[in-house]
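Those protein sequences? They're chains U and R, same order as listed.
Just so it is clear: in the first sequence, position 391 is 391 by the UniProt record's numbering, and no numbers are missing.
Just so it is clear: in the second sequence, position 460 is 460 by the UniProt record's numbering, and no numbers are missing.
Just so you know, these hints were derived from the structure itself, not from any lab.
Even for Gly, the Cβ is constructed at its ideal location relative to N, Cα and C.
The reader is advised that the hints may include incorrect statements.
What the hints assert, rightly or not - Taking CB as the label site, the calculated pair distances span: (1) U:A418 to R:G14: 33 to 39 Å; (2) R:R10 to U:R440: 36 to 42 Å; (3) U:F36 to R:E292: 56 to 62 Å; (4) R:V104 to U:R94: 43 to 49 Å.
2 protein chains.
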Amino acid sequence: MAEDFLARCRAIVGAPRVLIDDADMAPYLTDWRGRFTGRARAVLLPGDTAEVARLVQACADARVPIVPQGGRTGLVLGSVPDASGAAVVLSLRRMNRILEVDTVNRTITVQAGCILQQIQEAAFEAGLLFPLSLAAEGSCTIGGNLSTNAGGTAVLRYGNTRELCLGLEVVTPQGRVWDGLRGLRKDNTGYALRELFVGAEGTLGIITAAVLKLHPQPKAAVTALVAVESPETALGLLSLMQDVCGSSLTAFELMSQFCLRLVAEHFPHLPRPFAQAHAQYALLEVSSSESEAHGLALLESAIEAALEGGLAIDAVVATSHAQSGGLWQLREHIPLAQAAAGKNIKHDVSLPISRIADFIGATDAKLAQSFPGCQVVCFGHLGDGNLHYNVAPPPGGSHDAFLANQDAINRIVHDNVAAFEGSISAEHGIGALKREELKRYKDDVELDMMRAIKGALDPLGIMNPGKIL
Amino acid sequence: MAEDFLARCRAIVGAPRVLIDDADMAPYLTDWRGRFTGRARAVLLPGDTAEVARLVQACADARVPIVPQGGRTGLVLGSVPDASGAAVVLSLRRMNRILEVDTVNRTITVQAGCILQQIQEAAFEAGLLFPLSLAAEGSCTIGGNLSTNAGGTAVLRYGNTRELCLGLEVVTPQGRVWDGLRGLRKDNTGYALRELFVGAEGTLGIITAAVLKLHPQPKAAVTALVAVESPETALGLLSLMQDVCGSSLTAFELMSQFCLRLVAEHFPHLPRPFAQAHAQYALLEVSSSESEAHGLALLESAIEAALEGGLAIDAVVATSHAQSGGLWQLREHIPLAQAAAGKNIKHDVSLPISRIADFIGATDAKLAQSFPGCQVVCFGHLGDGNLHYNVAPPPGGSHDAFLANQDAINRIVHDNVAAFEGSISAEHGIGALKREELKRYKDDVELDMMRAIKGALDPLGIMNPGKIL
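One chain only, chain U, in its complex shape (with noise of 0.2 Å):
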């Protein structure tokens, strides 16, 4: 009987696509962080779309669970499976070609393994803008993207990954191919089936292929590092840009004074943009369509303002691309010195974002009575209500050991997100790690929505199982 369905798997793409090997398989069952290691019956390479079809009912039919995969980069062990050794892998990494980049209708049609970056390359030879961004990029797949609806830097301006998607095609979980490979800005015809695909993990089926919006590239992207008194003067000092940039305004990321400690000990080499520590920065990005002197002229008008108005103690706008880089880099290296300075209890958050600064007070309030001396290590996309808010032990603490507290932690950091009206999963998803603390915070009205929508679409239930419900 196993043998028979590994058997139909190599009629349909051949015995070297049918990984069953401990040693082939390996690459393809430890999660990215590598805090995992599942097992798979088998890792399946497909080459197109049909034969994708043709897998999934051999699947079906034999109820083999199956576990999509794109560049495996997810921080939710949504992509790899379980211990049981029960379910496939199915590996879209083969599926990797740009298949049409229409200019005047400003879509990129493209296969589900295509990476991120080459999608961004194709888009920008054509004198356009594939505006998604994150540190993955250089390995993660757009099928993935697509099925954890993936963030990033450029939210503010251009949304999440959803928004950037017109059309899908997807291998339903009955082995049938939906062509819904649009590129239309306006279409009412039924229920929002690409919506619903998009963000849902590969627990619905797969995606096989997109047509994604390209934007116009900016003529130019101006940088500034702020300097602001408070979580809540930041607010301030966002809704002025807003109000000044309107939607030339397309970066604002806070980080705390500690996070940006935690870079200059463990990278020196990095630019230390002020003299004096201040209690909290925000790096802003202003991209113009018209000119870089535009986009300067705007972004210092505005900090000029916020100056003026008490929403900024001091400022440093970056005047050439060396120096614009370098204050991303600051930004882009908290993860990283997170990294080095030991493990860390880390939450992926989002807020109104009015109500941030009295979450950040509250939070740091309780985990400071709870845990004495912990340090928290709070930075995000303030722009998008988005905060990674991590938790390390107080100096000179252990901070493996420091990782027992983590239920604790958590709990005291999602109650709190519950009682601000967040979400506990801003931009990574659910996958198998969250999986019960959002039954912990959903309410059953939606719970019970999402799991009939779940069995009507996957009855038998071999779409990647054990991720979100």
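Using the hints, position chain R against chain U.
Just chain R now, kept in the frame of chain U:
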């Protein structure tokens, strides 16, 4: 039994809120265009979400179908009951309170029965913009806008209604209340239920409240009318405008010479910007977050480049608010001029922008062949790929008699829409009117998934039956 049901409804909302007299019910039973009048068992007028939930429970227990209704301005018979008299109309009109304006989070929370204009005004008073704007804004409700994923004139810059919505409160077909009134820009905790209810035309549940995104108010909007040679040249102009103006381009409307001739004929007091007639006209709007002078400079530099590059023949830039209003009036009077000329056969279609010129050419030719002399009134939101492609009889022909060709003409237009990979309903939805067309043009895989979701969320089939599916 029927009396039991009505008695239960009266116990929930009070007898005066359960209309059963024909005269009382009449205003709720006829569609906006006055082409169809349905029948209902009663019209229910709940005052809050709890009452909606209890009414839905009563309907579910008695298996009474429910037609949710807002401002009743839809164009596809989505919000009126059928002729059977089996259903109740559940009007949300009494639930018309603005619940909260959060200027820092830039959100507004509203009940479903709020009139769109009321929301625009509340946003404006708070110094912000709710960009959804359409002809019926003085009487349509936001619940209807959400349920139909309304488009309108600001989609190019701000997206459809779905993209303007962050959170929903929904009463499910079981009469449970889903509190999804979240004000979050990023939230990856499970399936896209909000996106699914938006555009579901009341067939999956009843939207009772929503959290909507607000944007900064632009400082100024400037307008121009540009004469162009052909739809193809208009596409070139659109690309140029997007490259030069980026997200400052907030409208790009196309109108054929015949459209403006109709307007001139029926509304001779309106401006005639050009001495000479041209084949096509593009109405452009550029918004600036800085100043009117900035917007004007941007618009003029783009038009200059278009004139030099042969993408424009002539152009009029409005130099006052009144002039700008006059140019917009030309566009807005096209439907009125059409109505004054007599009935015609309407289509609300969308296409990949790159295929619009070919679609217009091919469809015009096919119609001229099958209906010699017929006149096409073609205009629309070119920047969104959305055309209103309406067909009138040959000059001097009877409009009423010409309507007999409706099915044949629909077939020609919609077959070409399908051939050019477009949508038969860009912004109006499906309702009862386009249900058969939907079955003809959607593939079975997609229809089956839609039916599965409908069956899963509304197993009794009581929510707005006969609409969409």
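Now the hints, each set against the structure:
At about 36 Å, the beta-carbon gap between U:A418 and R:G14 stays in the expected band of 33 to 39 Å. The supplied range of 36 to 42 Å is met by R:R10 and U:R440, whose beta-carbon atoms lie about 40 Å from each other. For the hinted restraint 56 to 62 Å between U:F36 and R:E292, the CB-CB distance of approximately 58 Å keeps it satisfied. For the pair R:V104 and U:R94, the beta carbons lie near 47 Å from each other, so the given range of 43 to 49 Å is met.
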